[in-house]
Each structure stands twice: as C-alpha cells, then as structure tokens.
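Protein sequences, first through last, are from chains A and B.
Using numbering that gives the first Met the number 0, read the first sequence as starting at 0 and increasing by one per residue.
Using numbering that gives the first Met the number 0, read the second sequence as starting at 0 and increasing by one per residue.
FYI, nobody ran anything at the bench for these hints, they're computed from the structure.
The model shown is predicted, which means the values in this text are computed figures rather than measured ones.
Be aware that a few hints might be false.
Pairs of lysine to aspartate or glutamate residues, derived as EDC-like cross-links and limited to a Cα-Cα distance of at most 20 Å, are as follows [unchecked claim]:
hint, chain 1, residue 1, chain 2, residue 2
1, A, Lys96, B, Asp368
2, A, Lys95, B, Glu362
3, A, Lys95, B, Asp332
4, B, Lys453, B, Asp438
5, B, Lys335, B, Asp458
6, B, Lys340, B, Glu329
Some chain A residues flagged as far from chain B (calculated, every beta-carbon gap over 10 Å) [claimed, not checked]:
hint, residue
7, Met0
8, Glu1
9, Ile2
For glycine and all other residues, C-beta sits at the position ideal for the given N, C-alpha and C.
One-letter residues, chain by chain:
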Amino acid sequence: MEIDPFIFRLSIFILSIFIGYYVVWSVTPSLHTPLMSVTNAISSVIIVGAIIAGLAGNSEDTFTTSNILGLLAISLAAVNIFGGFLVTQRMLQMYKKKKDK
Amino acid sequence: MSANLSAIFYLISGVLFILALRGLSSPETSRQGNFFGILGMTIAITVTFLSTGSFSSGLTYVLIFLLIGGLIGAFIAYKIPMTAMPELVAGFHSLVGLSAVLVAVAAFLNPEAFNLGSPEKIKLASLIEMSIGAAVGAVTFSGSIIAFLKLQGIMSGSPITFRGQHLLNALLLISIIVLTYLLCLTQSSNYFWILLAVSFLIGFLLIIPIGGADMPVVISMLNSYSGWAAAGIGFTLENSALIITGALVGSSGAILSYIMCKGMNRSFFNVILGGFGAAEQSTASGDKEHRPVKNGNAEDAAFLMKNASSVIIVPGYGMAVAQAQHALREMVDTLKKNDIKVTYAIHPVAGRMPGHMNVLLAEANVPYDEVFELEEINNDFANADVAFVIGANDVTNPAAKSDPQSPIYGMPVLDVEKCKSVLFVKRSLSPGYAGIDNDLFYKENTLMLFADAKKMTEDITKNL
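Using the sequences plus the hints, can you model the full thing?
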C-alpha cells in the first residue's frame, strides 16, 4: 500500500518541531532579541509561495488577481527578509567581549 | 529544474535555517549563524526562480517588487533605533502574517499554479491546509498590528476589556472550525472570505485586553503564530523549506512565551485572557499612605558609589524609554576607573521583549560577559555594596517573596534588598505596571533618585 506524501511532510514537520525545541533552548537568553528578528527573517521564506503566485501562468502583460497578490506578498516578505537579516546583523555586531587589558 | 532537485535544495535551505538558530547559542557563533540564514534564504529564492522556469516579462515585475521590498527593509534595518526593537519585531510579524494571507488567497484563486487542482475543485487536504495558513496568518497580522500600536504608544497600553469578551472569542474560534468545514464541503469562496474576516477579528480581539507590560509574551506568541502560518502554507505548497522553517519559528516563539510567562510566574492563559494591571490599579490608589522615603540627589549617589567596592546595575524598561544606556555605560566606565567592580543583572521580563535589555547594553558597548541573568547573579546581591536600579520596579519587589496577597507573589525577583544600599532612579513614586507599591522604596538603606534616568546618570558621572 502506498503512503500518502502528506505523511512524509507531516513527519518533517513534527521532527522539525523537536529540532526547534532543542535548538531554541540552547540559545543564550542575552540573544533572545536577535533570535526573534532572525526567526522573523527566515519565516519570510514564505516568499517562495509568493514568487510562484506572482509568476503563475503569465506569458504576456496581463495580471490576474492572483498574480497581483503574489507580487504584493513578494514585497512584504522582502521587507522582512532584508530588514530581518540586516537588523539581526546590526545587533549581533554590537555583542562584544570584554577587552583584556 | 526538476521537482526532485529543487526539493533537495529546499531541504538544504531548511537545514541552513536550523544552523542559523543553532549559531545563536553564543555571541561568537551568532554572526556565522546569521550568514547561514542569509545563505539558506538565497538558495530558496534562487531555486524557486529556476524551478518555475518561466523567464517571461513577469520575472521583471517579480524582481522589481522584490527590490522595492528589499530596499524598504534595508532602510528600516539601518535607521531603527535599538530602543524601538519591540515595535519593529511586532511590525515585521504583521508582514509575515499578511504575506501568508496573500499567498493563501492567491493559491485559492489560482490553484492550478500550485498544483492543487482547479477552482471549485481544490484538493481537500490542500483546502484545509490553506484555511489554516490563511486563518493563522490573519490572526498574526491583526494581532501584531495591535501590538505594534500599543508598543508605539499610538494606542493606550492599558488593557481593554468588556463583558463577554472570552465568550465572544470562544464563539469566534468555533466559527473558524465550522467555516473551514463548510468551505471544504461546498468549495464556495464566500466561506473563505468570511473565514478570513473572522480571523482578522480574532487577532484584534485577542490582543486588545493584554496590557503593555505583558508585551514580551504577546510578541513571543505572535512570533510563534507567524511560524505556524508559514508551516500551514508550506503544507499547501508541499515545500519542505517552509515546513521546516515554520516548525522552527513556531516552537521558538512558543518557548520564548513560556520563558516570559515563567519570568512573571503566570500561566500562559492568565496572560492571554488579559486584563492584568487594570484590576489592580483601584486597590493601589485606595490604601496608599504616605510613608517617608529617603530622597537623594546625584551627589549622594556618587558618594555612595565611590565608596563601594562592587556595584550591580539593574536596568528596566525605564532605561529604554529614557535612552539612558549610553549615559549609563559612561557612568560605569568612570566607576571602573576607580577600581569598582560593576556587573549588570537582567530580569527575564525586563523591557518589552525577550532580551531587550541585553541588546540595549550591547549597543552601548557593554561587554556581554559583564551582563548576567537572574539565576546567575541573584546570590551576588548579598555581597554587593550598591544596587543601582534604573527604570525597573516590579522585578525588584520583595513582596513577590514575602506577601502571598500580592498579585506578583511567586514571581522570581532580583534580591536587590540584600545589598548594603539601594539606589532607585525613577521619575516618581508611582507604582509599576502591576499597580502595586514597592516596599523597597521605604527601606532604611534605599535612596530614591527622582529624575529622568538619562539626566540622573549623567549628573552622577559628573560628581564621581
């Protein structure tokens, strides 16, 4: 009997929750703000869906509602991706160790 | 590009995202982690472009929109002051939520593009996943907008409650399930739109009863929601990068919410049901007698600190409001020149989001190995000469340990009262967000410094 591919995706999902659980507990509390901004950035990988919607079935210059929604979502997700990673970078650069004198 | 090959690349970017979070276990590896994150995102976007295979004029538009968003994001990231991080993160969450909604709607209108069947004949599983993604995305969006407005001060931070609030929320949640069921049964788009509208409403109703000081929990919770929304869409798109990321972000936000609730000794539901801070205010104003406090000035504070051998600094939200972190660091530099040992004690819920104080201190060039968490430093207060409390209140209140009647009883607090002397920088004697008096103000060894936190620290530095 064949297993529905959904089950495999569900397995990935469940296992990733466990990975997330252990990985996030090991994050040092002083980096919790960067953690939030970086998780924000990576959750914008939803842009993948936006790109598919934006490009769907479009060979000439006519836009369906679906295309337009996709394009809008691309912009929103891009704000997050660039904003999220850059602000995380900016924060992380500020964390310095005590200089030994 | 074949579907299998792109699936493998999506898996790689999912793994890179895991490494990005793993890097945050210490500040040294964190920058590398962020690089992994960027790499993962680049791979995911590139693969999507290659796998759609249509290099038509549509691609130009996609790139233009990508660029516009990217520029706005980059601009915000460079301009935003560190004190505004909570607002920024709340704002970003709303964008994730809204893009999840838009993608779900796009997929609903044009299911062929996503291999989900055809309009009115969308595959059942996809329809359910899509509804979940859209509903959670909508809740994230409107909830984050309210959180943003509250943090920004556009909307009052005090909780908004009304009769039957919980009943209404419960009914709305049930209606989401019913609507999803009807949608699957009839494939009628009307149900989909109603589902979206109700979800937006729930997000709004869910956050308005929660007070400003509970924002650390709210932000973490919305962080979690944005993850679950992404995962829902990931199932619809059959995309492992999205599923992995959604699960990571979802559990990350959930853990942060848990840590924040624990820092306040309140259950998650207690926070979510809201109203905290509103109920207590009446009792606080009622029986407040005028007890004497010792009022000091910058000179007194400087004198006390100069004669100390160790000082512990306890920052709170007030420091962020007054933007006093740089002035504080200058004061500490002067103290260190006089061979005084200075450390910082951070309470888990200090500020308006997890790790808020740490970022501000890092911005002011405070080395992170001088900054300690509650459990690490709490025993040191007994041996310290001076505790310098700047803009914090409830997190130092000994009533949490001694008074079972207190609304914050049981909350872990910093043992500031064990220090030989305590300096409180505060604008007035007004109680903190919990609306309760702090016995510490009236203690023999406490000196109150009533002033703006930034101005006071600058004055102390001058007097050192």
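Cross-check of the supplied hints:
The straight-line distance between the Cα atoms of Lys96 of chain A and Asp368 of chain B is roughly 6 Å, inside the 20 Å bound, and the hint therefore holds. Between Lys95 of chain A and Glu362 of chain B the CA atoms are separated by roughly 10 Å; this keeps the pair inside 20 Å, and the hint holds. Taking the CA atoms of Lys95 of chain A and Asp332 of chain B, the gap is near 16 Å; set against the 20 Å cutoff, the hint holds. Our distance criterion of 20 Å between C-alpha atoms is broken by Lys453 of chain B and Asp438 of chain B, whose separation comes to about 24 Å.
With a C-alpha separation of about 17 Å, the suggested pairing of Lys335 of chain B with Asp458 of chain B holds against the 20 Å cut-off. Proximity of Lys340 of chain B to Glu329 of chain B is assessed by CA-CA distance (about 14 Å); at most 20 Å being required, the pair is judged to hold. Remark: the non-interface label on Met0 of chain A is consistent with the geometry, its nearest Cβ contact in chain B lying 18 Å away (cut-off 10 Å). Every C-beta of chain B lies more than 10 Å from that of Glu1 of chain A, the closest at about 15 Å, which supports listing it as non-interface.
Remark: the non-interface label on Ile2 of chain A is consistent with the geometry, its nearest Cβ contact in chain B lying 14 Å away (cut-off 10 Å).
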